[in-house]
Every structure is written in C-alpha cells, then in structure tokens.
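Just so you know, the sequences run in chain order A and B.
3 is the number of the first residue of the first sequence in this note's numbering; add one for each residue after it.
16 is the number of the first residue of the second sequence in this note's numbering; add one for each residue after it.
Calculated from the structure, these hints are not laboratory results.
Misleading hints may appear alongside valid ones.
[As the list claims (entries may be wrong)] Short, incomplete list of chain A residues facing chain B, as computed with Cβ under 7 Å:
id : residue
1  : 126
2  : 204
3  : 437
Don't be surprised by glycine CBs; every beta carbon is placed ideally from N, CA and C.
Here is what each chain is made of, one letter per residue.
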Amino acid sequence: MATAQVVQTECFHCGQACEEVHWVNDKAFCCYGCQTVYEILAANNLCEYYQLENHPGISSRQVDEGIFAYLDKADIRQKLLTFDSKTFSKVTFQVPGIHCVSCVWLLENLQQMNRGILRSEVNFTRKSITIDFDPSAVALSKLVALLSSLGYTPQITLNTESNIVQPDALVSKLAIAGFCFGNVMLFSFPEYLGLNHSDPYLIRTFSILNFGLASLTFFYSGFGYLRSAGKSFSQKQINIDVPIAAGLLALFLRSSYDIVTTTGPGYLDSFTGLVFFLLIGRWFQSKTYETLAFDRDFKSYFPLAVQRLAYDQWVPTLIYDLKPNDSIQIRNMEIVPTDGTLINEEAFFDYSFVTGESRPALVKQGEKVYAGGRLIGQPVKLVVEKPTSQSHLTSLWNNPVFGKVNASKYKKIIDQSARVFTWIVLGIALLTAIYWQFTQPAQMWLVLTSVLMVACPCALALAAPFTYGSMMRVFGRAHFYLKNADVIERLAAVDAVVFDKTGTVTHGDKPNVAFVGHLTEKEMRAVKSLAGASTHPLSCLIAHSIKSISIDAISRFKEIPGKGIQGVIGDHFFQLGAAEFVGAPRVIDAEGSMVFVAIDNDVVGYFQVRTVVRKNIKEMISRLGKACDALLSGDVPSDADLMKKIFGTHPILMFNQTPHDKLDYIYNLQQNGKTVLMVGDGLNDSGALKQADVGITVTDNAGIFTPACDGILDGTQLDALDRFIRLAKASTSILKIAFVISFLYNAIALGFAITGNLTPLTAAILMPMSSISVVGFSSIAVNIVAKRKLKS
Amino acid sequence: MIFVVFLISVSMSIALVFLLAFYLSLKNGQYDDTHTPSIRMLFDNKPVKKEKSDSQISHLK
Numbered sequence: 003m004a005t006a007q008v009v010q011t012e013c014f015h016c017g018q019a020c021e022e023v024h025w026v027n028d029k030a031f032c033c034y035g036c037q038t039v040y041e042i043l044a045a046n047n048l049c050e051y052y053q054l055e056n057h058p059g060i061s062s063r064q065v066d067e068g069i070f071a072y073l074d075k076a077d078i079r080q081k082l083l084t085f086d087s088k089t090f091s092k093v094t095f096q097v098p099g100i101h102c103v104s105c106v107w108l109l110e111n112l113q114q115m116n117r118g119i120l121r122s123e124v125n126f127t128r129k130s131i132t133i134d135f136d137p138s139a140v141a142l143s144k145l146v147a148l149l150s151s152l153g154y155t156p157q158i159t160l161n162t163e164s165n166i167v168q169p170d171a172l173v174s175k176l177a178i179a180g181f182c183f184g185n186v187m188l189f190s191f192p193e194y195l196g197l198n199h200s201d202p203y204l205i206r207t208f209s210i211l212n213f214g215l216a217s218l219t220f221f222y223s224g225f226g227y228l229r230s231a232g233k234s235f236s237q238k239q240i241n242i243d244v245p246i247a248a249g250l251l252a253l254f255l256r257s258s259y260d261i262v263t264t265t266g267p268g269y270l271d272s273f274t275g276l277v278f279f280l281l282i283g284r285w286f287q288s289k290t291y292e293t294l295a296f297d298r299d300f301k302s303y304f305p306l307a308v309q310r311l312a313y314d315q316w317v318p319t320l321i322y323d324l325k326p327n328d329s330i331q332i333r334n335m336e337i338v339p340t341d342g343t344l345i346n347e348e349a350f351f352d353y354s355f356v357t358g359e360s361r362p363a364l365v366k367q368g369e370k371v372y373a374g375g376r377l378i379g380q381p382v383k384l385v386v387e388k389p390t391s392q393s394h395l396t397s398l399w400n401n402p403v404f405g406k407v408n409a410s411k412y413k414k415i416i417d418q419s420a421r422v423f424t425w426i427v428l429g430i431a432l433l434t435a436i437y438w439q440f441t442q443p444a445q446m447w448l449v450l451t452s453v454l455m456v457a458c459p460c461a462l463a464l465a466a467p468f469t470y471g472s473m474m475r476v477f478g479r480a481h482f483y484l485k486n487a488d489v490i491e492r493l494a495a496v497d498a499v500v501f502d503k504t505g506t507v508t509h510g511d512k513p514n515v516a517f518v519g520h521l522t523e524k525e526m527r528a529v530k531s532l533a534g535a536s537t538h539p540l541s542c543l544i545a546h547s548i549k550s551i552s553i554d555a556i557s558r559f560k561e562i563p564g565k566g567i568q569g570v571i572g573d574h575f576f577q578l579g580a581a582e583f584v585g586a587p588r589v590i591d592a593e594g595s596m597v598f599v600a601i602d603n604d605v606v607g608y609f610q611v612r613t614v615v616r617k618n619i620k621e622m623i624s625r626l627g628k629a630c631d632a633l634l635s636g637d638v639p640s641d642a643d644l645m646k647k648i649f650g651t652h653p654i655l656m657f658n659q660t661p662h663d664k665l666d667y668i669y670n671l672q673q674n675g676k677t678v679l680m681v682g683d684g685l686n687d688s689g690a691l692k693q694a695d696v697g698i699t700v701t702d703n704a705g706i707f708t709p710a711c712d713g714i715l716d717g718t719q720l721d722a723l724d725r726f727i728r729l730a731k732a733s734t735s736i737l738k739i740a741f742v743i744s745f746l747y748n749a750i751a752l753g754f755a756i757t758g759n760l761t762p763l764t765a766a767i768l769m770p771m772s773s774i775s776v777v778g779f780s781s782i783a784v785n786i787v788a789k790r791k792l793k794s
Numbered sequence: 016m017i018f019v020v021f022l023i024s025v026s027m028s029i030a031l032v033f034l035l036a037f038y039l040s041l042k043n044g045q046y047d048d049t050h051t052p053s054i055r056m057l058f059d060n061k062p063v064k065k066e067k068s069d070s071q072i073s074h075l076k
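All chains should be modelled from the sequences, with the hints used to inform the complete structure.
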C-alpha cells in the first residue's frame, strides 16, 4: 500500500507549507492573509523585507478594521497615548510578533505606507514599537489596523500601565557608587602603603575627600537599603535588608566619627565597595528579567471591545460596559467575552480555552454560550446574560488560588536566616561590648561598631541573586525562560511532575494524517472537497492535509452525525467516515482514528489520523522515574493506549479533565505533602499551572503565547525537562556552598573585630574579597555544572 | 604640598566631567536599547525611486 505524497510548496511570506497555493508574481502564498501582506508591501515598494531574511512574515489573520474602532474613543486614546496634541501623537505598543531583522526593518519603514506616520522606532529586546504620528491624518484605530494587517497585531491592555519600569535609576546609582568606590580606593592608597604619618595635612585632605564621596554613595546609592530596612522595621519584621542596612550604617557612622575626630582614616573604601557590589547584584537580576514580559493575565486573551447593537446600529463597546440583554455580535475566531444566549440557528464554539477539549462544541439557538468560547464559522449574535465579571471563566479565575500571591520560599528562607543572623550578631555585639566595657571602656564603642559592620551579611545577599541569576541565564540559553529566580528554588524541591496532554506531550494542532491505499490526484481532490464541506474536526484535518486546490462542486451532500459524510462529485459517489458507514471491516487503530474512503460503494483505503508525540518524551519520562506523577488530559481518551506506551505503568492517566479537576488534583497532591510541577500548554490548565508549586507552559513559539505561569519552555526542549530539574537542584547546592564561604569570611572578620584588631586595612581586604569570591564562585560553578549536565 | 592638592582637584574634576557625561547619556536614553541599533545598521539606505514599476521589476528578479 502506498502512502500519498504531495510535493510541498513553501509560502514566500511565512515559510509554512502551502495547502492551497495562491500565485502572485511567481511567488507562492499559503493563504490570502500572507498574499495580502505581500501585496501591501509590493505596492509600497517595501519588498526589501524579503531580502533580509527568508520567509520573515507572520501569517496575518484577516482583520476587520471595525474591530479597532473603540481605540478612537477619547478615554481609551488617553490611556494609550504617551503624548497627544492636534497634529502630533506618540504611542508605544507591545508587539509580540517582532522576531527578526526583517520585522525591525519593516516596522521602522511604516512612514512609507502612510503619510500620517511620522516616525517609528522598534525596541527589539522589549518587542515594542514607538510610533510618532499625526492624528489628524491617521486615526489610532487605522494605525493599529495597519500593523495588524501586516501580521504585527499589537497587544493592547488597558489595565496594565504600558510604560515599562526603566532601570535608569538603578544604573545611575550604580554609576555613582562605582565612581566613588574607585576614587575612594585611589585616595586610600597612601594608607595602604603605610604612608599614614608622612604628611598629616595631606592625609586630612584625602580623608575629607573620601568622606565627601562616601556621603554621596550613602545618601544616593545606598539609601534604598536603609529605606527598605526602615519599612520592614516599622512593620516589626526583619528582612535581609535590615542587617545590611545596620552594617552600612555602622561602617559609615564609625568612619565619619574617625575622620571627624581625626583618630583614623575610616573604612570608607570597604563601605563604597560594598554598596557597589550590592548594586551590581541588583542590576544583574534586573537584566535577566528584562527580556521576559510576564505581566499578561487571562484578561489579555479576552477581547477589549465587541460590537453591540444600539438603536439599530453596531457600535464598538468595551466589554466591561456590557449589560444583561444587550445584543452583541461575535465574529469568526473571536472569543466570547461574557455568557450569553445564541440568537442564530447554530454555531460551533471552541472551548479548548476553558475546558481543554479540543473539539468544537455545537450550540443551538437559545442555548447558552459561555465566556471563553471561540467562535468558529459565520458571525453570530448573542444576547448578554450577565455582566463580564460574573461569568464562567472569570469565576474560575476568581478561585482563591489566583488571589493569593505565591510567596517566594527562598526569600522567606533568606529572611528567616537574616532574622536569626541579626539576633546572633546582636548577641555577639552585646557580649563583646560588655567584655570591653569591663576591660577597656575607652575602646568599647570602637569594637562594637567594628563587630556590627563586619557582620553585615552582604555576601549572603549577593550569593542568591548571582547563583540563581546565572542559572536563569543558562536556562534562557537553553530556551527555558523563568519568571524569576524564586522559581529555581521551587523547581529544585519538586517531587511530583504532572503533565497535560494536548499541546504539551503531543503537538496540539498538528496531528499526522496519512492515507493508506490508492487514490488518483483527481479523486484526492474530490475527497478534499467533500471533507472541506464538513465542520467535523476529523474532516477538517483531512481537508487540511491534502495539498491541492479543491474546486469540485458537490451535490447531494449529506452528513450523518457520528458516522460520516457523503456526496456526489463528478460522476462518482464518495463516502468518508467510520468503517461501518462505508461497509469496511472494522479495524481498530490503537494510536489514533481511522477514516475510511469509499468511491461508488467500493472501499479504496483509509486515512490514519494520529497524534504526534514530541520527540524523546518517553526517555525523559523514564529518566524522571517516580517523580512523574500523572497525565491530565481535557480530551476524550482516544489515544489512551499511545499514552500508556509513553508513560508506562506508574503515572496515573486521567482523561476528560476540566480545568477545575486538574486544579483539584494538584491541590490534593499538595495536601499529601508533594511539591508539584505542572507542565501544561496554556490557559485551559492555567488554574492548575498557578496552583502547582511550579507551573511551566510549553510553547512552540515563545513570546506569542505567555499566560500567567512560572516559566515558558520551548517545545523542542521538553525532553530536557529532567535535566532542568537536576540543574535547579545543583544550583541550590551551589548556593549553600556560597553561603558557607561567605559565613567563613564573616567568622574570620568577626574574630578580628571582637579582639579589637580590625584595622581599616584588614577590613579593606576581607570585605571585598568575600563579595568577589562568593560572586565568582557561584557564577563559575553554575556555568561548569550547566555545561556538564546539559550536554550529557 | 599645594601641587598635590592642585593635581587632585584637576583629576577629580575630570572624573566628574566623565561621570556627568555618562549621566546625561543615560538620561538621553542611549542605554535604553542596546540591541536594535546592531540590527538597524544592517539596513541599506536605498535611494528612493519615484517610479514604482521600475523598482518592482528590480525586486522581482
């Protein structure tokens, strides 16, 4: 038996295999959307787009300009625009679609397409575009429609502030601290070289200069630590910033005292150095977060506005303004924003967003349509039942799980140890003070401040951001993007892994369709025409899989639900459906569904529709071993046998799971003392992702699909999941070693301080040494471990 | 000793000038986006051709 093979043509615009080829200027396009984009670009003399990269385009979904009409409402405009006047406006959009050189080129040449656009500038790292335009020449809605028609639909959210927090303040603090640190070191040179007493006048000058520089560091760069410590103090809590602030304060005040009373040069080099290193740690952290935008929540998947019927006219209305009994219109591929009743005869809604079931559900006239369903097919009218906030999907998201903030455990641990640390240090300081009070009362204050300043757990504060920060970078290079460093800590503790099926273990939207048997090309085309006439998911898959142009007219078309479809094409009677429908012997395919084809009541073969499992999943599951706990699928158990083969006997396989079931399952695991990692594909298991200690989304195009979760894993890297968990465990050990190192330094320095031998020189050597060695150790160790584990 | 003080004040003022320059460039947004300019320099500035048909033919070759 031969399997039908058709030569694939790649779309000139987006590079995807073409199903129905549209030819324009000798170039093939897979769909009308891609063709339109090309035509727009060709008409505007912008074809250089295609020379910078091969197939740079994004298939553009057809957009109706009316969708964006709400953007021209005054209150919405005001929220979006960063500057607005009669002839000049400025707006910044997040455009997740920006992915290559060509995108930047095209988006920065927008002014060639529309005279109203004055200038556009892309920030590639943030995936944002800033456009200056003339609002009298081009409306905001037109601007967005233009971007959208090119395939770069901006992500518009009104509730989140569009302006991204700039790390400017941190950088300038860092710059000042670095500047002061360098200069203070320079002025401390005579003292390092033992030239202290050569010229008292010069030493005095240096001290005063140092004091000036250190004050700048203290009041500008280091002030954040004091403020944070003060805040936590007023809440009667102790966080990591308290001992740091105490140390900084002790260092600075003691040094000032020394300088003012001319008893010594102070410890200002150590002080400025400390602030500098602490700020570098913060900067490093902020750098790692920059490329990841995780602030989307489920609301960003909802439409912002819908067409509402008001006085016989369709007007765009914000979904929050919808009232019960309003009539709204939903178009193809739009998401239903609120529960409603269908007015049209029937329609198909895809609820995969809510329930995880990938087959569209049929809704008849008068039946209820739930929020979150995506319309497939002709536009329909709905009557709104409830205002948005009360509907089905929102109630799922209003589950207490989503209300509570995942308190970061590692921060808690650090804060706890900081608390213990602070009390121990205070205890030691008190004992030392009492001892010195009785032996040498004159020295008491000096020793006390020395103890306080060397006890500052700055290396402790540095170790975590540097270890986890470098680990996040390593993960990022391996296409595993984490929300923040806390996730690594939680990932290390994971002892139960739960998988979602569709889109996670399997490729959600691309089942493998193969024809077994023989059909001529003409017959193949006829089958495509027949399958294309039905909305059944299997028919759609088959129609999609046949890559030829279908033009055949069908007569006497009939669809028998649950059995199959039939019709006359040309002179032949075609049947497509289950074995008993076409009269074929019943065969069961364990790995998928079979659709038989009969021509004039003769069975000529069958289509095999199989779920495509991602590569090397089985090996990964077996490496996970006992930790792999369950597979939760929202789908019907059609490929249960295939899943059994992959997962083996140990993990529990569960089908027909609603998002609530998934969430409950994970909750129960947690009640049994497990730390759960949930690997899912997006919103239909978002509840479970959020409930789990670590929720990871698997996606095939990062940056386009980023729901609320702890991390995004590139689909091709799923087979390395166990390695990532092991790496996370390794980084916790590295962190512990770094803690020990920093603790050793603190112990040694404390020894000097308690005995009253802490000279400025010892402090100048010990304190930066501890910071540098901790930072160096953790970054190098992480990279070595990562190299070893990710390659093996 | 006065020359040392003089030299120090000169060195400090030079260092301060550079610090100020850095600060101003930071405020001007020079460090906002360090990646896109590296892409932007790859684009050729082609002379804008008035006749569309002409340029289209050259692109389609």
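These are the hints, each one checked on the structure:
no.: 1; hint: 126; in the structure: holds, 4 Å
no.: 2; hint: 204; in the structure: holds, 6 Å
no.: 3; hint: 437; in the structure: violated, 42 Å
Violated hints amount to a single one, hint 3; each of the other numbered hints is respected by the structure.
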